[in-house]
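A.B. asks: Sequence:
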Amino acid sequence: MMRGSAVKERTSKRLAEGVITHKNDSSGLWWALVIIGLWIFSFAAALRLPIGELSLQAVIGVVILRTFLHTGLFITAHDAMHRTVFPANHRINDWLGTAAVGLYAFMPYRELLIKHQLHHRFPATGKDPDYHDGEHSGFFQWYLKFMKDYMESRNTPFLIAGMAVVFGVCTWLMGVPLVNLALFWLLPLVLSSLQLFYFGTYLPHRQPDGGYRNRHRATSNRLSSFWSFVSCYHFGYHWEHHEYPLVPWHRLPEARR
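Note that UniProt numbering gives residue 218 to position 218 of the sequence shown, counting from 1, and the numbers run on in steps of one.
Because the hints were derived from the structure by calculation, they are not lab data. In this text, all values refer to a predicted model and were calculated from it rather than measured experimentally. Where a beta carbon is used, it is the ideal one built from N, C-alpha and C, also for glycine. Please note: incorrect hints may appear among the correct ones.
With beta-carbon atoms standing in for the labels, derived distance ranges [as the list claims (entries may be wrong)]: (1) Phe122 <-> Gly175: 44 to 54 Å; (2) Val34 <-> Met163: 22 to 32 Å; (3) Leu178 <-> Ile64: 16 to 26 Å; (4) Arg121 <-> Gly175: 46 to 56 Å; (5) Leu56 <-> Arg121: 22 to 32 Å; (6) Asp133 <-> Gly168: 34 to 44 Å; (7) Ile40 <-> Asn89: 17 to 27 Å.
Modelling step: build the complete structure from the supplied sequences, incorporating the hints.
C.D. replies: Following this line, the structure appears as structure tokens:
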């Protein structure tokens, strides 16, 4: 039984090697530039939208699009932490990761990197900064603890200052209505944090009935590749990510197959 399990594990790893990003692969870089570029373009366009002339469906559509692109920023930074955005140059990974989390919410890339390394070393344990407190494992209590831990940072003053600068420049200098900033910048940020937490932390790392069944203490959803992408950039294929952290997000469906 143990021998069969070892053979299966070696076979699985050989299959995964075919989708691990190699040093000369620039696909992750192009994905990162597209996501960041679309986020900047959509942000600038959304701030100029005449809210009063738009239908409710149109406003909701823009909010959903902005949320999806906002989540893409964090996914880009996450892959940069694993050096899979541009494997040939670690500095480019760090630059893009810093830019992505900066646009996301003025967050400190280096601090996030350390926390993410702890998450991979001690998943779903007391040493995992993304895990609940051991008692309050419900969605909202866990989410609030998750957000509290990420907001309690020495860089929090920079976050507040950055948001104040954006509000000042957009409203006072550019004349952007506050409702546009609230709907197309702040609301997507909140919704994106819920999306990332739900698909990337709560669902994959909550304790299943009977306890955890693998060393990563993680599970994956059963969504198709299309819906996996739409839901959270394949972040729901979470066991695969922990097992093969050098597989970039856009190739996780291949690793799953």
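A.B. asks: Checking against the hints above, which ones are violated?
C.D. replies: 5
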